[in-house]
Structure formats: structure tokens, C-alpha cells
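Peer 1: One letter stands for each residue in the lines below.
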Amino acid sequence: MTGFRKSLTPSGQTLTEMLIAIPLLFLLAAGAVQFAILFQARNAFDKACGEAARQYAANRITDSTSLTLVLWQDLGSYQSFFNQGSLALSTHPPQTTIVDTIVKGADTFMGTFVGSVSFFCPAASKLLPPYINYTGQSWTVTVNCTPPPLVAVIFPNGIQFKSQLTVLKYPG
Amino acid sequence: MIRIKHWTKDPSGQVLLATLLFCFTFVALFVGLYKSGMLYNAKERAIRASNLTALSAGAVYSNGMQLVRVTNVILLAAAALNLVALFTIGDMTAGLAYLLPNSEKLWLIKAVQGIQKILFGIDEPIGIYPFLIAQETISVASQNGLKSTYPSLNSASWSPAIPPSLVLLFNIKTLGPDLAQALVPNMALKFRTADFFLNAIPKQKKFYKYTSEDGKTYYFDSDEVKIANKSKNEGQMRVKAGTGQRGAGKFVTEDVSNNLSKLNPIMKFANLLAGIQLDVTDRDIPAIHNVFVYANYPTSIKDTKNNNAEIQTLSQVNVEGTGLAAWDVNDPFYQSTLVSTDPTELIKQISIQSFINQAMKSFIFPSISNILGKIFI
Chain A
1 MTGFRKSLTP SGQTLTEMLI AIPLLFLLAA GAVQFAILFQ ARNAFDKACG EAARQYAANR
61 ITDSTSLTLV LWQDLGSYQS FFNQGSLALS THPPQTTIVD TIVKGADTFM GTFVGSVSFF
121 CPAASKLLPP YINYTGQSWT VTVNCTPPPL VAVIFPNGIQ FKSQLTVLKY PG
Chain B
1 MIRIKHWTKD PSGQVLLATL LFCFTFVALF VGLYKSGMLY NAKERAIRAS NLTALSAGAV
61 YSNGMQLVRV TNVILLAAAA LNLVALFTIG DMTAGLAYLL PNSEKLWLIK AVQGIQKILF
121 GIDEPIGIYP FLIAQETISV ASQNGLKSTY PSLNSASWSP AIPPSLVLLF NIKTLGPDLA
181 QALVPNMALK FRTADFFLNA IPKQKKFYKY TSEDGKTYYF DSDEVKIANK SKNEGQMRVK
241 AGTGQRGAGK FVTEDVSNNL SKLNPIMKFA NLLAGIQLDV TDRDIPAIHN VFVYANYPTS
301 IKDTKNNNAE IQTLSQVNVE GTGLAAWDVN DPFYQSTLVS TDPTELIKQI SIQSFINQAM
361 KSFIFPSISN ILGKIFI
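Top line first, the protein sequences correspond to chains A and B.
Numbering (my numbering) for the first sequence: 1 to 172.
Numbering (my numbering) for the second sequence: 1 to 377.
Don't read these hints as lab results, they were simulated from the structure.
Honestly, I wouldn't trust all of these hints.
[Claimed, not checked] Simulated pairs of lysine-lysine, DSS-like, Cα-Cα distance not exceeding 30 angstroms:
1) B:Lys173 with B:Lys147
2) A:Lys162 with B:Lys5
3) B:Lys230 with A:Lys47
[What the hints assert, rightly or not] If you only want the chain B side, here are some residues facing chain A, beta carbon under 10 angstroms, derived:
4) His6
5) Trp7
6) Ala57
7) Ala80
8) Leu81
9) Glu124
10) Asn144
11) Gln335
12) Thr337
Source: prediction; values computed, not measured.
Glycine included, every Cβ here is placed at the ideal spot set by N, Cα and C.
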């Protein structure tokens, strides 16, 4: 009762306000920091996707499984924010243009022609098509991010990150 | 107003006001954090998208360079076939004249060269393959989320947007001041001409002369003279001392008439050779093949004018290999490498962007529906 009376004095009021405000202030500050970490995790995921695609373009990766592994490794210290089991990758060929279709059609036609020539002249086998042999891949990568504790209060089921990218490569 | 004044003097009102201010500060802080975080992520995604687009352009370009090698092999085979055919019918009397551009005897070579011209856009406004590079790059750019205002070739109707986004600059490094040419897809190729072989011929000696006081003229070649170091005239030559020649140490002048008389036949021969087109080779020495991708990445973040903010990116890819000649066909394929871009290059590109904008604004582009409307009406 005496304590309650004390809190009615100006200094007591200030103390009570401080006791309410400081934890709230810390909570908000910590929330801001954790949001920043979440953005960094998102950024790390995007960077890892880009790096994996670049390795694919440099012919260091050939299949989707290796790509998933490289992507996971590239996440580095941010791996703790992600669930490896939720990392999913779906691939599909990139959209083709009309010019691409025409040129590749001509390539196939030339293939038939040169193929018949190389039957008589084996030296010509080095020149066998396809001449247009750049390939490409489009990926849709999804992963579930486990946010830091304070952000997890808002997103209890985690946040799904999605990234779409396309790159063409030429065999090296 | 009086009420608010009275209210602010009241302690509970002050507390409420302080709380409101506190909440506003934190909301502003969180909104700022959210926007900056989203923009930072968007920036990274923009760089990634533009880098992957540039790499894709490089991949198609590299394939094109291998195609050049293959066509050069075909050209070599065509040349051999054509010459054998001429030799068989005993029609080899005219010699080099057959190789000249107006000669019709070497029709097979000309036919292959004609295909190369159309395919790679050599001495043509645009080639099929450079157009393919541009098309594929634009397609990949839009798949990577970069803004592309180019009309889709698959679309039934379109109207070009102003200004065009996704600017591709081909081989801008070697174009000098004529930057606008880089907007036209090209592969920096040309036909090698036969005067290329003249580089292997040892250079002709120059001739110098000295006229003595008694009016007698003495002639020297370039081995017998040296640069007069202390002369006021730059490049002044003098007769070497100790060669046993008369006039040692004397200044000499170039014997222009003698030099020209010796040079004229060489020049004529060089001009003749310059008209003879051989295989396809690099336009520049040393060979530089590169593509700049200057793109806009649209974001969902609103800017101060309430428009969706766009991030401008610039990526550059170099295409490198050992050579384009027919004998290089078995060499490793050309490879594209992403190179870091100097910010000063961006300034050049932005000046190009403003140039394109101005050029586009000076024209009125009709949409396809307008054209079709006019045709059908």
C-alpha cells in the first residue's frame, strides 16, 4: 500500500513509466534488429540462387540435385534460418522466341545435310551439328524461412521465400 | 484549439501525446526499415537478374563465334572445291583477278561469303545471328523480372513503349565516339582481306640523300643513317659515323621520289589484295567482343511521386576465345565472363539512354492495331 502511494508521487510515476516503457522500447528495438536479420536472410537466399545459377552457366553444375546442394552451401551462416527439407526447386526450359525456333529448325536441317556428307567423309564429323547448342534453364526455388523469435510471433509458420531465375549457357 | 491547449496542459493528455509521438516514431522507423530492406533486396535481385541476362547474352554470342569458325571451315572447303573445279577445266589464266569482288568464276566462295554476310551481319545493317542474340537476351531479361518494353514477336498486337527499356550495347568498347552504332546488334566481325599477308613481308628500306657543298648528292639507305639526337627538328636523321661513307655525321633528307617509286608498286599490290575477301575474322585488333546490358528492375516500393521505384543496373560480359579461323575449329569454345563495370561506363550509357529517348520522342510510332485498322478500312 505504501509502495502504491509512493508511485503516486512524481518520482514514483516516472519510475513506473520507465518500467513500462523500457521493456517496450527494447522489444521494439530487438524487433527492428530481427526484421533486419530477416531481410539479410532473404538477401542471402537471393544471392545463393544467383550464385548457383552462375555456376550452372559456367558449366560447373549440370543437374538440379547439385544445384540444390550448391544453393544450400551458398547460404552459409544463414542456413540456420532455413529448413533444408523445405528447399524445393522446379525447373522448366526457358521461353523460346520465334527467331530461336527458326534458327534451331535451320540447324536441324543442316544437321541432316552435313550428317549425310560425313557418312562419305569421316573428317567432316567434327563439323556435325547442332551448331546452335546453347541451352538454358529456368528455376523456381522455394524455401521456408524460420524467422528469428520475435518475428516468429507474427509468422508462426515461417515465411516462404520464392525466387525465379533464368539463364542460358554454352558448353565449355 | 483552446480545447487542445487545455488538454496538453493536463498530465494525462501529455502522456497520451507522448505515447502517440512514441508510436509514430516507431511506426516511421519500422516503415523505413521495411522499405530500405525491401529496396536492398530488390537491388540485389536487380543485379542478379542483369548479371544472368548478360551471361545469357554471352552464351548465345559464344555459340555464334563457334558458328563463325564452322562457316570458315565450310568457306575453306568451298574455296578448295572451286579452285579444283577451275583447275580441272584449265581456266586458271587470270590468276588473282578471279578473287576480286567482281569476279564470277569463284561463285561457290562468293555464295558461302554471302551466307556469312547475312548470317553474321557483316557489311549488312543487321545479321540473323546478332538478331538472335538480342532476341534471346530480351527474352531472358523479361523472365528474370527486368523491365522489357520491347514488343514480343509472339504477340499478335503491340505498340512500342517509350522509352525503350533494356538497352543492349554490342562491342561498345571499340566503337570510339560513334556509340549509337552499338545499339544495333553486331558481333564485331569483318572479312579478312588478302593484304593481311603483307604484314609478313619485311618492311622496305627508306632512302635518304645528302647534297655536299660542291653540289654532289650522296644516297644512303636506312641502315646507314641514325636519328640526330641534338637536332632542333624532330626525326632529323644524320649519316652514321664510322661507316666509311662520305659525309659521316651530316644531316640527310628523305629521298621522297625514290621511296615513292619503290612504294607505288607495293601500294598497287596492297590495294589489289585489299579487295580480295577471305574468311571472317575479328573486326578489332586485339579482338574484343563484349555486351553491355543496361536494364531497369521494377519494384513494388513507391517512390516520392507515388510511382513504383525502378532500379537501374548495368552488367557487362566479355566473350573470349583463341580465334575465328577455320583451323581454330577444334580449339576450346569461346567463353563468356562477367566483368565488373566501371561506374564511368554507366554515364556513357545514360547519355545513350537520353539519346534514344530523344530519338524515340521525335517519331510517332503507330501501334499494330492502328496499322491494321488503316489497312482494313
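Peer 1: Each hint: holds or not?
Peer 2: Evaluated hints:
1. B:Lys173 with B:Lys147: Answer holds: lysine 173 of chain B to lysine 147 of chain B is near 25 angstroms, not above 30 angstroms.
2. A:Lys162 with B:Lys5: Status violated; Cα separation ~52 angstroms.
3. B:Lys230 with A:Lys47: violated, 64 angstroms
4. His6: violated, 21 angstroms
5. Trp7: Nearest chain A Cβ about 19 angstroms off; hint violated.
6. Ala57: At about 8 angstroms, which falls below the 10 angstroms cut-off, the nearest Cβ of chain A leaves the hint on alanine 57 of chain B intact, so it holds.
7. Ala80: violated, 12 angstroms
8. Leu81: Interface hint status for leucine 81 of chain B: violated (12 angstroms vs cutoff 10 angstroms).
9. Glu124: violated, 16 angstroms
10. Asn144: Holds, because the Cβ-Cβ distance from asparagine 144 of chain B to chain A comes to roughly 6 angstroms (cut-off 10 angstroms).
11. Gln335: Since chain A brings a Cβ to about 5 angstroms from glutamine 335 of chain B, closer than 10 angstroms, the hint holds.
12. Thr337: The hint holds - threonine 337 of chain B has a Cβ within 10 angstroms of chain A, the shortest such distance being about 9 angstroms.
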